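A.B. asks: Top line first, the protein sequences correspond to chains A and B. First residue of the first sequence: 1, per the working numbering; consecutive thereafter. First residue of the second sequence: 1, per the working numbering; consecutive thereafter.
These are calculated hints, taken from the structure and not from any lab test. Predicted model, so just to flag it, every value in this text is computed and none were measured. The beta-carbon is built from N, C-alpha and C at its ideal position, and this holds for glycine as well. Take the hints with a grain of salt, since some may be wrong.
[Said to hold, decoys possible] Beta-carbon label-pair distances, calculated as ranges:
1. A:Gly14 - B:Arg95: 36 to 44 Å
2. A:Gly14 - B:Ile326: 25 to 33 Å
3. A:Lys116 - B:Glu373: 49 to 57 Å
4. B:Pro116 - A:His87: 20 to 28 Å
5. B:Glu205 - A:Tyr239: 39 to 47 Å
6. B:Glu200 - A:Arg216: 44 to 52 Å
7. A:Pro432 - B:Pro116: 44 to 52 Å
8. A:Glu136 - B:Ser60: 37 to 45 Å
9. A:Ala110 - B:Asn115: 36 to 44 Å
10. B:Glu200 - A:Lys281: 38 to 46 Å
11. A:Lys327 - B:Asp227: 17 to 25 Å
12. A:Asp381 - B:Asp227: 14 to 22 Å
[As the list claims (entries may be wrong)] Here are some chain A residues pointing at chain B (derived, C-beta under 10 Å):
13. Ile29
14. Val30
15. Phe78
16. Ser147
17. Asn151
18. Asn152
19. Arg199
20. Asp238
21. Tyr239
22. Gly243
23. Ala355
24. Ala395
25. Phe401
26. Arg474
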Amino acid sequence: MLSSQIKSNEIVFGSCNKDLLEEIIFYGIVLGADFVEIFIENTDNSSVLAEEDFITSVSPSFGRGAGIRIFKEKKDGFVSTNDLTKHGLMRSVSQAIEMLDITDNKKGEAFNGLNKHRDYSLSKKKWINEVPSIHEISEKLLVSTKSLKKNNKILTRKGSYSRNLQEVIIASSDGTYVSDIRLHQTVGLNVIASDAQYRSSGSRRFGSSGMPNEFRLWDHEKAANDVFESSMNMLYADYVEAGQMPVVLANKFGGVIFHEACGHLLETTQIERGTTPFENKLNEKIAHESLTAIDEGISEGSFGSLSVDDEGMEPEKSVLIKNGILKKFISDRAGELRTGHKRTGSGRRQNYSFAAASRMRNTYIAKGEHSKEDLINSISDGLYCKSMGGGSVGATGQFNFAVEEGYLIKNGKLTNPVKGATLIGEAKEVMPKISMCGNDLELAPGFCGSISGSVNVTVGQPHIKVDSITVGGR
Amino acid sequence: MNSREITTKISKAADLLNLKKWDYGASFSNDYSVQVDKGEAKQLKASQKQILTLRVWNESNLVGITTTSDISESGIKKALNQANIASDFGNKNERTEFSPLAKDPINVKDAKKRNPVGIKKLLTLLRKAEVKLLESHESIKSVPYNGLSESFYERVYANSDGAFRSYTKSQAALYLYARAEEENKKPRSSGSVKIGYGVEDIDIESCIKDASNKTISHLNYSSIKTDKYLICFSPESFLTIINSFSSMFNARSILDGVSLSNKNSIGEKLSTEALNIYDDGLHEKNISSSPFDGEGTPTKRLCLINKGRIENFIHSESTARIFKTIPTGHAGLGSKVSVSPDWIVVEKSEENFDLKTSLDHSTYEGEFVYIEELNAIHAGVRSSQGSFSLPFDGWLFKNGTKISIESATVAGDIKYLLKNIVNIESNQEVTTSGISPHIWVDELSITGDA
């Protein structure tokens, strides 16, 4: 008796919540909403930090909450709460209705109940028992930081791990009723090297989704060698001289430039704001014909992959640009409603306290036919960007990206390492200058911060050549 | 459940689990915000949030921590259990204790807490602001980024030694970011942010005017030649630089080897003797002030640079113990306690005889670059190396004319920058992140159109 009472009056993860969810959605529709969506989550996260040869931080966290979104015509009201009782959720619906100033309670759309439950979590419930324990994580992180201790120029060594396990229930008035469990693990290594007045740093990050065993398989020796080598190469590097020059961007994380400079401009949120230069360019040439770009959420294990997006739609593979022609925008429910571009399974949010928005997943430039050497050999005087740092894109499309590890190219050969380089440009001006794509496409995990919070993504590309770009330096 | 009740619940649950030593920090908030699009409501948001961070000490006096949004009785028990398990991995090499100042009196300002005006009022005000901004100039075609919000929150710190402190506050914020377009020219954008204790404290007219003036002032733009320039940093941009390199004053960063300073840097000359820098979280203009930090230590004014020399570092309980001093009220609450500045105040010291006082941003007629706002801080600052390369919004002043700089970066080294300050103007300006006058620096590299 007590158990059934609890079930009918509060969301319980792992149980059937259909009746309660239908009641809440029906309540919103009766009050006049065109559309009601409920997103509920339960999280179980852990992070561990190793510094030098010690574990210096272990931080578990857990929580739960709900985000309720109501649409009326093209506007929406969003309320988030930690209260998962029937009373709390109903109160949130009322609050959203009141915010939208919905007073006519007869014009709401019909609600015919929730569809059959699509449960993507069934095979994933065991993940929590399969992920490495804190003890196991700590042991491996300490071995990793020890691997970074390769000479006396290494000043600091750090290894960090974080695991996010998110259980979600998504229900909406179009009948969507979905459950899923998402698992993301990420591990990073970084060092600072120092010798007299010289300083450099090196870092690498790795990540996966839905693969509980992945951290155990992570090749920490290779990662440590990469990080060490990068910091040593850059320790005595001179500052790069500023100028316009051709550049070759390395594969993997080099794709961050496409993600930031172009990918965001292909999200429907940018069309809604009128801040993308590509708004009316569908089926027009916006890039060099050698460039094809894709956004998808389906590559197994990739950091940006999903079984289902945060609006209950399975992700699709979207060819954004094909041979230089703009083919598609990245769209969510609000994007479809406000811009007419069909949803692509890209409605994503950091957690229950954000409304979903159109966001990238695994976004990359497709591989071409050239070798890395072809690209470098084609340049007499330029820059090779082996490792990119972060960057930003301004409201009018200008981007700036820091080059973490760069080398001058002279007469088709890599020469001296250089530091302090920044790539500066505008997507619509640079895209037609990507003239050569390599055949070595690789992906790299990252976090993307935007309107709906920080979400896991993958960036990627093969080596690419940009014929001319402004390189900031000193 | 109020904060006293939560403290009692934690205390009882800890007793049951035989946990003798614990502390916690919590925040409870209600937030409301609106966005508009061409006169229509776009998104209206409300959120109720609670976050509880619990630390427990085990029998070996090692600390474990857990954070949760579940403050039910079962949630609190689970959090204590998890923290206890995590304490097995507590850092043996750097012990954490309660702050010795966690029971000292705190300086709770007149909080000026406001009442909510409600979503409808927020929407009405923002709609009007958007319309006025659009009407302020024919080139302003949209306000793509806008928002008006109000927040009401309570922060609490308590520990098993009987410390308990809390405060409640309200805060409101308005941002307007306009986009201007002219034929055959690139679109230009700029904006303004205003904050206050409540919506009624926000000067909406001035936010509209600032956003409009800034945006329009960038319409006449040109590229800039790559070269070294005399630079005038706006108060906001100079504070951005100082905050980006605050690891120079941060004891945690020093211990972690990621600061340009070391334990012996107190007294080191960093800049002209004319420069003083304070951290003053309780400053009357700091809307976001907090009377205590994550460990319950009272917030206070602290001199970081006195006449060009490092005077103090900012500390948590553990870094203060290692440096044989007292905590300064700059700690977070974590497994590894972070340390960060609150509210930077930059001023001209009495030793200002070497300054070139003819350099005044409103009267100087020679050539210089005015940096209004620095961008992409997370990507362009290498705080452990001291270098920066940052895109900025600003103007080139030359031959009595002012022209917006199309797209450029400023690059340099923080120690070089501080040593090459050639003037500190007299008038301090209040910004959202602190107070500073305009600061002039000679010979910084700017990359524009090569």
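A.B. asks: Would you mind marking each hint as holding or not holding in the structure?
C.D. replies: Status of the hints after comparison with the structure:
no.	hint	verdict
1	A:Gly14 - B:Arg95: 36 to 44 Å	holds (40 Å)
2	A:Gly14 - B:Ile326: 25 to 33 Å	violated (49 Å)
3	A:Lys116 - B:Glu373: 49 to 57 Å	holds (53 Å)
4	B:Pro116 - A:His87: 20 to 28 Å	holds (21 Å)
5	B:Glu205 - A:Tyr239: 39 to 47 Å	holds (45 Å)
6	B:Glu200 - A:Arg216: 44 to 52 Å	violated (57 Å)
7	A:Pro432 - B:Pro116: 44 to 52 Å	holds (51 Å)
8	A:Glu136 - B:Ser60: 37 to 45 Å	violated (21 Å)
9	A:Ala110 - B:Asn115: 36 to 44 Å	holds (40 Å)
10	B:Glu200 - A:Lys281: 38 to 46 Å	holds (45 Å)
11	A:Lys327 - B:Asp227: 17 to 25 Å	violated (42 Å)
12	A:Asp381 - B:Asp227: 14 to 22 Å	holds (21 Å)
13	Ile29	violated (18 Å)
14	Val30	violated (20 Å)
15	Phe78	holds (5 Å)
16	Ser147	violated (18 Å)
17	Asn151	violated (16 Å)
18	Asn152	violated (13 Å)
19	Arg199	holds (4 Å)
20	Asp238	violated (12 Å)
21	Tyr239	holds (8 Å)
22	Gly243	holds (4 Å)
23	Ala355	holds (7 Å)
24	Ala395	holds (4 Å)
25	Phe401	holds (7 Å)
26	Arg474	holds (4 Å)
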